[in-house]
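Chains as they are written, first to last, in our numbering: chain D, 1 to 305; chain G, 1001 to 1305.
Honestly, I wouldn't trust all of these hints.
Said to hold, decoys possible - Covered stretches of chain G (in silico footprint by chain D; criterion: 3 or more residues with CB under 8 Å from a CB of chain D, positions within the stretch not fixed):
id : region
1  : 1126-1134
2  : 1149-1161
3  : 1191-1203
4  : 1225-1237
5  : 1283-1296
By construction, these hints were calculated from the structure, which means they are not laboratory data.
Even glycine gets a Cβ: it sits at the ideal position worked out from N, Cα and C.
There are 2 protein chains.
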Amino acid sequence: MTADLEDTQIAILVAGLIGACWAALFVHHGATVRVWDPQRTALDKLAERMTRPLAQLKELEPESASQGKVVYHDMVEGAVEGAVLIQENGPENLDLKHALYTRVEPMMAPDAILASSTSALTWSELASGFSDPDRLITAHPFNPPHLVPLVETFGHDADRLDRAEAIYRAAGRVPVRMNKDATGHIANRLSSALWREAVHMVAEGIADVAAIDAALVNGPGLRWSVIGAHMAYHLGGGEGGMAGYLSHLGPSQERRWASLGVPSLTQDVCTALVDGVAAESAGRDIATLEQQRDTALIALLKARL
Amino acid sequence: MTADLEDTQIAILVAGLIGACWAALFVHHGATVRVWDPQRTALDKLAERMTRPLAQLKELEPESASQGKVVYHDMVEGAVEGAVLIQENGPENLDLKHALYTRVEPMMAPDAILASSTSALTWSELASGFSDPDRLITAHPFNPPHLVPLVETFGHDADRLDRAEAIYRAAGRVPVRMNKDATGHIANRLSSALWREAVHMVAEGIADVAAIDAALVNGPGLRWSVIGAHMAYHLGGGEGGMAGYLSHLGPSQERRWASLGVPSLTQDVCTALVDGVAAESAGRDIATLEQQRDTALIALLKARL
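Make the full structure from the sequences, and use the hints.
So, in structure tokens, the structure goes:
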């Protein structure tokens, strides 16, 4: 991949772990990345936080390694000025985000885009912090953002969505646009729905935490890295496809849905989850587990390229 | 991988698409596969049905290509005699399966295992067809069974489960044992839970079928091919892991679960699903889509090896 973002100025507002991954991703693809964080210590840590993502991106796509640059800004106004895309990664607190937008909006170029990485808040909630809400889109990455390609987008201005998505694509991302605002966007709603049943099976003693994870990774998870859930049911319908599936198995599908669980996170269930994940981890700490996850993701992404 | 099943006699009862994939898998790993089907035409088609799975297995693991052999049997008794594992792939009809078990059980060697590939029925329902239910296990593969490694097992005899799982492992599978009988085993319960929310989002107009599938494939699906759902929440908890996640986000997680959808498969929703999958398919027929899925799966499996 070439340095498609070579002449692109991108601001990163708030540079925690997600912000550092965005910064690494954009700089790897040639952009000039203007970083601001309200805490001076975050800027001090940024180079260190970007080290691993940059190294992983270099391993994944060696031909476009670190052609851009990072510029640190003490004042948010300086970071925003001249940026076409402003990726905001602040805490999931509506008041804090609104206060930031009030400060940022007057400094934005007329056609600039503020893209919020928000996971928990919706576009509609955030948009009330703008005098011109068209300037806002939500653009939710999936962790780890420099490796997992998905960016879920929503907004009211099609032109800004188009331009933001072009930038994400140039950075090797796969933007997916929603038609309607929804809490949890698409991916976290799917994750939440699946995990509810996974927790139910632990609560009911159907299988251990490690067994459920192994079933997912070696079964539906593997298949969902290749074809989506709708497409899987289409292929599950044989010659008749989705229409055949729905006409033959639609009524029994509704019964199967009704038989799924609605667990409560009681103390016993929480203990079973914590103990179960500890058993699955087999002594590996979080950093080691993350490292192994990333190594495996890189191998799969290389196989998909 | 060597021909670990070289001296192993495995019976395949009913040789439709799933039976043909099992036969290809076992013969690829060196077993002598004894195939019976009540319909003579299924036996006539078997060689053709095994062609693609065998070619795909050869591509995936060239070193163990087709070292076993297939023996056709007109009578089920002949197929079962001498087999250590009898993989049953009959229609999902309890009476038919019970009738088959009544015929098969007297011919089984004392320590032989009848493993049902059943998707929709439970071990408890099937076990009433045996005079010695210890002989029965459920061993549910995930489609396509010769590529997706998962085999979900359940039974009451630990020794038979151990021996069956050793055979599946020798054939490159990943057996996952359940602690308790459950309709849909593990993987189809997870799939069903996720698809419910995927259908809900279509019904609510949150996103198109193709967008939801793209979000899954490039987001959680990709990640679930590397780490399970429980482990993902463990890593999502940062330093505190699962315990930290549950203490900080447990209450809001229960609210998120409550906000998930309970769609009905109305005519409108079915039409949206059928039209949506047609749009996503972009003119590709089922055979082409399956071929592309398999090619992608083989590339990922090679990257995991």
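### Message
For a quick check of understanding: which of the numbered hints are violated here, in increasing order?
### Response
1
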